[in-house]
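> All the letters of the sequence shown, read from the start, carry residue numbers 1 to 233 under our numbering.
Errors might be hidden in some of the hints.
Label pairs and their in silico Cβ distance ranges [as the list claims (entries may be wrong)]:
(1) Glu188 to Arg70: 50 to 56 Å
(2) Ser79 to Lys172: 47 to 53 Å
(3) Val37 to Leu170: 32 to 38 Å
(4) Leu166 to Phe81: 32 to 38 Å
Worth flagging that the hints you see were computed from the coordinates, not collected in a lab.
Being a predicted model, the structure only gives us computed values, none of them experimental.
Glycine residues also receive a C-beta, built at the ideal position from the N, C-alpha and C atoms.
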Amino acid sequence: MVQSCSAYGCKNRYHKDKNISFHKFPLARPDVCGKWVAAMRRNNFKPTRYSNICSQHFTKDCFKPECNNRVLKENAVPSLFCFSKLQIKAESLADPFPPEMDFPLTLPSLPLSDTEETQQEIQTETHHTVDPLPLVENLPHSMSISCDHNYTVEDTVQQKKRIEQLEEQLDKLRKKLKTVQQKCRRQERQLKRFKAIGEFQRVNRDPALGEGYVILPKQLYDALKGIEPVEGP
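Make a model of the complete structure from these sequences and hints.
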């Protein structure tokens, strides 16, 4: 599977001719991994063991110099990112009111004689203090709040293709193994027959003549019985 960078707006992919290294998220160290995710500013992003960030998002002091700037230090955190104005605006809309602001839900009890005047003051203060917020749904449909590219889906498709290729190779190897096993069994049976013939000839060899003999069917014996042997020179 080709490694790609999970940072916002980064399209770097692994290539042997490019001097760019890819580094996986430190999932085993949740504190450092959380800093990586926070620095990326990607909404609802959850890193997996296949997620990477390329070396262009780290400063030089994040690498170990003795490793040719290819190995990160233990507490290294990426800090070089390029964010769009739309993404920053969306983050500001996510929390429009600071946590210290508190709006009371009930009004204090007032004398009956001052009720109308107090209601007018409350309406005036409310009109000047709280402005209507722009609705996110009014933004153009073609504009995305996070402008986030879902690399997880792309990685899953590549993994599925790779699994299908491996399964196809495994099926071919199984067929090849079955053919070789059948050939070996045939050779073993043939070898057993040769051994049996050799043992039969050894047991039935006439020690006086120094020659072996074989048992022939009666019809073949009758046909050969009247033939004179050929004398040697």
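> Decide, hint by hint, whether the structure agrees.
Hints, verified against the model:
Between Glu188 and Arg70 the C-beta distance comes to about 54 Å, which sits within the given range of 50 to 56 Å. Our hint of 47 to 53 Å for Ser79 and Lys172 holds, since their Cβ atoms are close to 48 Å apart. For the hinted restraint 32 to 38 Å between Val37 and Leu170, the CB-CB distance of approximately 37 Å keeps it satisfied. Distance hint check: the CB atoms of Leu166 and Phe81 are about 36 Å apart, consistent with the given range 32 to 38 Å.
The structure shown violates none of the earlier numbered hints.
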